[in-house]
Amino acid sequence: MMSKSDEEVTHTENLLSLKYESLDYDNSENLLFLEEERRINHAAFRTVEVTRWVICGMIGILTGLIACFIDIMVELLAGVKYQVIKDNIDKFTESGGLSFSLLLWATLNAAIVLVGSLLVAFIEPVAAGSGIPQIKCFLNGVKIPHVVRLKTLVIKVCGVILSVSGGLAVGKEGPMIHSGAVIAAGISQGRSTSLKRDFKIFEYFRRDTEKRDFVSAGAAAGVSAAFGAPVGGVLFSLEEGASFWNQLLTWRIFFASVISTFTLNFVLSIYKKKPGDLSNPGLINFGRFDTDVSDALHLFIILTKCGIVGALFNALNNWLTIFRIRYLHRRYLQVVEAVLVAAVTGAVSFVMIYYSTDCQPLREGAMEYPLQLFCADGQYSAMASAFFNTPERSVRSLFHDPAGTFNPQTLGSFTLLYFILAVWTYGLTVSAGVFIPSLLLGAAWGRLFGILLTNIPNSVCTTWADPGKYALMGAAAQLGGIVRMTLSLTVIMVEATGNVTYGFPIMLVLITAKLVGDFFIEGLYDLHIKLQSVPFLHWEAPVTSHSLAAREVMSMQVTCLKRREKVGIIVDILSDTTTNHNGFPVIENDGPARLCGLILRSQLIVLLKHKVFVERENLSITQNRLSLKDFRDAYPRFPPIQSIHVSQDERECLMDLTEFMNPTPYTVPQEASLPRVFKLFRALGLRHLVVVDNHNKVVGLVTRKDLARYRIGKNGLEEMSLAHT
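Residue numbers (UniProt numbering): 1 to 725.
Think of the hints as simulated: they come from the structure by calculation, not from any bench. Incorrect hints may appear among the rest.
Below 27 Å or equal to it, Euclidean Cα-Cα: the simulated BS3-like pairs (lysine-lysine) are [as the list claims (entries may be wrong)]:
| hint | residue 1 | residue 2 |
| --- | --- | --- |
| 1 | K530 | K705 |
| 2 | K196 | K151 |
| 3 | K609 | K562 |
| 4 | K200 | K611 |
| 5 | K566 | K611 |
| 6 | K611 | K629 |
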């Protein structure tokens with residue numbers, strides 16, 4: 001019999017995982033670091049600053065090229081699929097046998113998604129989803145395994161091409177943010193650890209602090225490439241991504257965003273044989289909105305029901321994700337579910353088109369693949385323009401098709417079914433984003449709302465209610481209600497539409513949708529971060545946490561090292577799997593055990609690897625002196641302690657930590673309140689915060705998990721449990 005653990009994984013939201021480590025966003029200012037900084041003159045600092053700009057430019061170019069590749073491949077693959085299905089449907093419409101067309105559509109969808117899901121599930125699971133929650137955690141200071149590796153980028157790009165081409169209710173815009181972040185992390189290090197190639201460039205930036213800033217630029221470049229919105233990309237990185245920001249970073253990120261959208265524009269213009277025609281600024285082109293919106297301003301507030309719809313979307317997806325974590329944790333089950341969703345999506349789409357009686361006159365350029373089915377000659381099925389298309393084209397159709405193109409029954413049934421499919425699809429083991437499904441869902445019922453206004457008898461609404469305007473407002477409000485973005489999404493939508501007069505109504509519906517949605521449940525990305533038990537630190541400590549002091553939240557099982565410690569003791573401490581500490585306060589050898597510094601596990605491993613030992617007899621260093629280059633060469637994949645051999649004689653030697661420890665670690669007294677500790681830890685991007693008594697003796701250590709486990713729940717301040725999940 002299978003045990004319960006084989007069938008079900010117990011999951012609770014009141015849990016923090018111990019498998020996540022923190023990143024070191026605070027530079028270790030040891031003697032080696034200070035000596036290097038003092039040797040760098042003003043001209044060298046100027047060179048470093050110019051290099052940062054060069055790297056940001058390279059990030060923008062490569063992100064734009066990746067976006068071009070995704071866009072072209074989706075267009076080609078989806079085009080072949082839709083053409084095969086269209087030819088088959090046209091063939092069997094008159095002769096009968098359309099059930100074969102149904103099977104063909106479902107089978108093609110399932111086959112394409114099967115390949116994409118296999119890549120994600122069995123090669124790189126972290127490439128699943130949009131990647132935005134993972135990048136948000138990385139920028140917050142959480143080390144998510146494999147999140148910015150080259151293999152993740154390859155699987156992400158291939159996966160999103162297959163997911164969108166496979167007909168799932170997904171978009172390719174969200175994964176561009178993750179792709180841009182991976183590109184930034186790779187370029188800024190001047191090497192590839194996956195390919196084991198070191199180009200011996202950008203070595204100065206091989207540390208978490210610098211990588212974090214470049215990843216922020218990569219995320220912004222991804223947004224810019226996706227929507228053609230450089231300013232929106234910067235604001236997205238600030239609002240949703242980066243937990244740490246400075247003014248100098250803003251211009252570099254904007255530069256990367258501009259280069260990204262220009263590269264995409266330029267390459268696509270060449271691909272479409274219109275060199276220099278910069279009319280494709282992003283992966284999705286909303287088209288221009290030239291009509292005025294001022295007359296209808298007072299009615300846009302009605303669209304705030306998107307906050308309720310967004311909250312419902314998040315609540316259902318949250319429940320579904322918990323179900324997946326508990327029962328669908330095996331990889332083959334995840335693949336089966338993805339294939340099932342793809343087949344069901346194809347089958348539902350066909351059935352809806354088959355039974356639809358909404359036939360519209362065929363206009364030139366109205367559809368890429370018009371389906372006539374049972375409509376009269378010169379007409380096409382309006383339902384097919386929503387289902388038998390890539391989501392981006394469907395959004396554009398809802399925005400710009402003239403009034404009368406869709407009847408209310410078509411839009412109503414499409415909205416209901418697409419909502420169910422989108423909820424079911426997000427969270428599958430495929431590379432996919434939620435931006436476009438949200439926009440499409442909102443555009444559908446926004447246009448439906450506009451159509452219903454025009455049908456009100458004897459109303460002034462009939463003279464100005466353009467359904468396309470309401471589709472735009474509904475799209476913005478729906479996306480805002482799901483992901484809870486306000487400032488950045490306003491600018492993205494304005495840049496994507498090319499009409500600044502829409503700024504205020506978009507802002508109005510977004511703010512209202514966020515307020516309404518937050519009343520019921522959190523945003524989608526925050527929910528998924530919580531479900532993964534990530535120790536994420538929000539902007540502020542819980543509001544009722546002033547009653548807690550540092551001595552109540554700190555970890556008291558602290559392992560201290562002496563300034564001059566035996567090698568054998570260090571090896572034993574690092575090999576102890578029960579504690580697995582990553583930071584060790586350093587105390588004096590003689591006299592009171594007062595704090596004199598802090599050293600990291602990664603630094604100790606490099607010292608052991610290079611055997612920087614001191615003989616016991618004459619206290620002389622037996623090996624050459626290390627430099628910061630030795631630590632940067634080992635970054636970020638430091639070898640495990642098990643791979644380092646230390647002989648019995650070497651165990652008796654001493655290791656002098658004076659030169660390598662951080663002699664000025666941040667400390668707090670044990671009486672400091674939790675909000676004060678939280679603010680210091682969060683604002684400075686710390687990994688360890690030492691708690692000392694009045695005599696500067698170490699009494700504890702505060703880490704990310706000690707702070708993240710306190711949150712406001714239904715019954716006030718709650719403490720979450722820690723577990724190896």
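Structure-based check of each hint:
{"no.": "1", "hint": "K530 / K705", "in the structure": "holds, 13 Å"}
{"no.": "2", "hint": "K196 / K151", "in the structure": "holds, 13 Å"}
{"no.": "3", "hint": "K609 / K562", "in the structure": "holds, 20 Å"}
{"no.": "4", "hint": "K200 / K611", "in the structure": "holds, 24 Å"}
{"no.": "5", "hint": "K566 / K611", "in the structure": "holds, 12 Å"}
{"no.": "6", "hint": "K611 / K629", "in the structure": "holds, 16 Å"}
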